[in-house]
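S.K.: Residue 249 is where the sequence shown ends in the working numbering, and the numbering goes up by one at each step.
There's no promise every hint is true.
As the list claims (entries may be wrong) - With a straight-line Cα cutoff of 30 Å, these simulated BS3-like cross-link-like pairs (lysine-lysine) come out: (1) Lys71 to Lys21; (2) Lys196 to Lys110; (3) Lys248 to Lys21; (4) Lys229 to Lys215; (5) Lys21 to Lys110; (6) Lys249 to Lys21; (7) Lys192 to Lys229; (8) Lys158 to Lys248; (9) Lys248 to Lys3; (10) Lys82 to Lys116; (11) Lys82 to Lys71; (12) Lys215 to Lys162; (13) Lys196 to Lys15; (14) Lys229 to Lys116; (15) Lys20 to Lys162; (16) Lys63 to Lys192; (17) Lys162 to Lys229; (18) Lys110 to Lys162; (19) Lys163 to Lys110; (20) Lys196 to Lys158; (21) Lys20 to Lys82; (22) Lys196 to Lys163.
I should point out that these hints are in silico values taken from the structure, not numbers from a laboratory.
Note that the structure is predicted; figures quoted are calculated from it, not measured.
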Amino acid sequence: MDKIQLETNNYINLKIHDQKKPLVLVAPGGGYRFTSPREAEPIAEVFRNAGYNTGIIYYRETKLLYPDTVKELAEFLSFIRKNHEIQTIYLVGFSAGGHYVASLGVEWEKFGSSSKPDALILAYPVITGEKDFSHEGSIENLFGEINEEVRNVFSLEKWVSKKTPPTFLFHTTTDTAVPYQNSLFFFVALQKARVKAELHLYQEGPHGLALANRKTPFEDLDPLLFEEKYGRLSGWIEMALTWLAYIKK
Numbered sequence: 001m002d003k004i005q006l007e008t009n010n011y012i013n014l015k016i017h018d019q020k021k022p023l024v025l026v027a028p029g030g031g032y033r034f035t036s037p038r039e040a041e042p043i044a045e046v047f048r049n050a051g052y053n054t055g056i057i058y059y060r061e062t063k064l065l066y067p068d069t070v071k072e073l074a075e076f077l078s079f080i081r082k083n084h085e086i087q088t089i090y091l092v093g094f095s096a097g098g099h100y101v102a103s104l105g106v107e108w109e110k111f112g113s114s115s116k117p118d119a120l121i122l123a124y125p126v127i128t129g130e131k132d133f134s135h136e137g138s139i140e141n142l143f144g145e146i147n148e149e150v151r152n153v154f155s156l157e158k159w160v161s162k163k164t165p166p167t168f169l170f171h172t173t174t175d176t177a178v179p180y181q182n183s184l185f186f187f188v189a190l191q192k193a194r195v196k197a198e199l200h201l202y203q204e205g206p207h208g209l210a211l212a213n214r215k216t217p218f219e220d221l222d223p224l225l226f227e228e229k230y231g232r233l234s235g236w237i238e239m240a241l242t243w244l245a246y247i248k249k
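With the hints as extra help, turn the sequences into a complete structure.
M.R.: The following block contains the structure:
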């Protein structure tokens with residue numbers, strides 16, 4: 001395992017088995033306060049089993065504010081491409097981790113082509129700063145304050161362009177922590193910019209499902225009961241893998 005650490009305590013744990021294969025970097029959620037273990041190694045394991053190199057981004061060990069968060073992620077990608085033969089990098093983000101990776105997706109041009117993600121996979125992502133649909137804690141933790149200017153910058157759907165990478169989104173319509181409109185707004189913006197995108201909305205399910213199987217249960221729920229209750233939604237990860245294979249053609 002390789003560990004990549006820049007000037008802060010934030011780091012990436014890399015598991016590279018074949019330099020010729022693409023790299024999938026996973027950014028767990030946690031409201032820009034911490035990184036959830038349920039959305040870290042279990043996710044990376046799925047992509048490794050599918051033949052990808054993987055990495056987990058621990059981006060809140062030092063709680064940087066915007067724009068330093070995006071700058072550091074750009075530096076991570078540039079460092080990997082400079083020091084490894086790997087050139088294709090996909091970013092997978094959950095909840096606030098989705099906002100983290102999608103921020104680079106809409107801003108990579110500021111940092112150069114070596115920092116561009118080749119695709120984004122966003123699971124119930126935080127996207128918008130609009131009051132009726134926003135995750136207020138994520139905004140405050142990322143910016144240190146909340147005002148109208150901050151809300152505008154935070155709203156990634158407003159910054160999508162034709163150069164935003166292809167994106168896969170998954171959400172549930174009964175998510176009360178991060179409403180599904182976050183994914184919907186981003187998807188609509190991608191469509192307007194003619195960016196390849198796919199959105200999967202499930203009829204019901206809570207926030208933070210991760211793989212929606214016994215490997216990623218909520219802490220207060222038996223793994224088998226968790227899978228029995230939410231297992232129907234576990235197919236999202238296979239759809240994401242199929243989508244990745246499709247856009248590589």
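S.K.: All hints are to be evaluated individually against the structure, with a verdict given for each.
M.R.: Each hint tested on the structure:
no., hint, result
1, Lys71 to Lys21, "holds (25 Å)"
2, Lys196 to Lys110, "holds (22 Å)"
3, Lys248 to Lys21, "holds (12 Å)"
4, Lys229 to Lys215, "holds (13 Å)"
5, Lys21 to Lys110, "holds (27 Å)"
6, Lys249 to Lys21, "holds (14 Å)"
7, Lys192 to Lys229, "violated (36 Å)"
8, Lys158 to Lys248, "holds (27 Å)"
9, Lys248 to Lys3, "holds (27 Å)"
10, Lys82 to Lys116, "holds (13 Å)"
11, Lys82 to Lys71, "holds (16 Å)"
12, Lys215 to Lys162, "violated (37 Å)"
13, Lys196 to Lys15, "holds (28 Å)"
14, Lys229 to Lys116, "violated (38 Å)"
15, Lys20 to Lys162, "holds (28 Å)"
16, Lys63 to Lys192, "violated (34 Å)"
17, Lys162 to Lys229, "violated (39 Å)"
18, Lys110 to Lys162, "holds (15 Å)"
19, Lys163 to Lys110, "holds (12 Å)"
20, Lys196 to Lys158, "holds (17 Å)"
21, Lys20 to Lys82, "holds (14 Å)"
22, Lys196 to Lys163, "holds (10 Å)"
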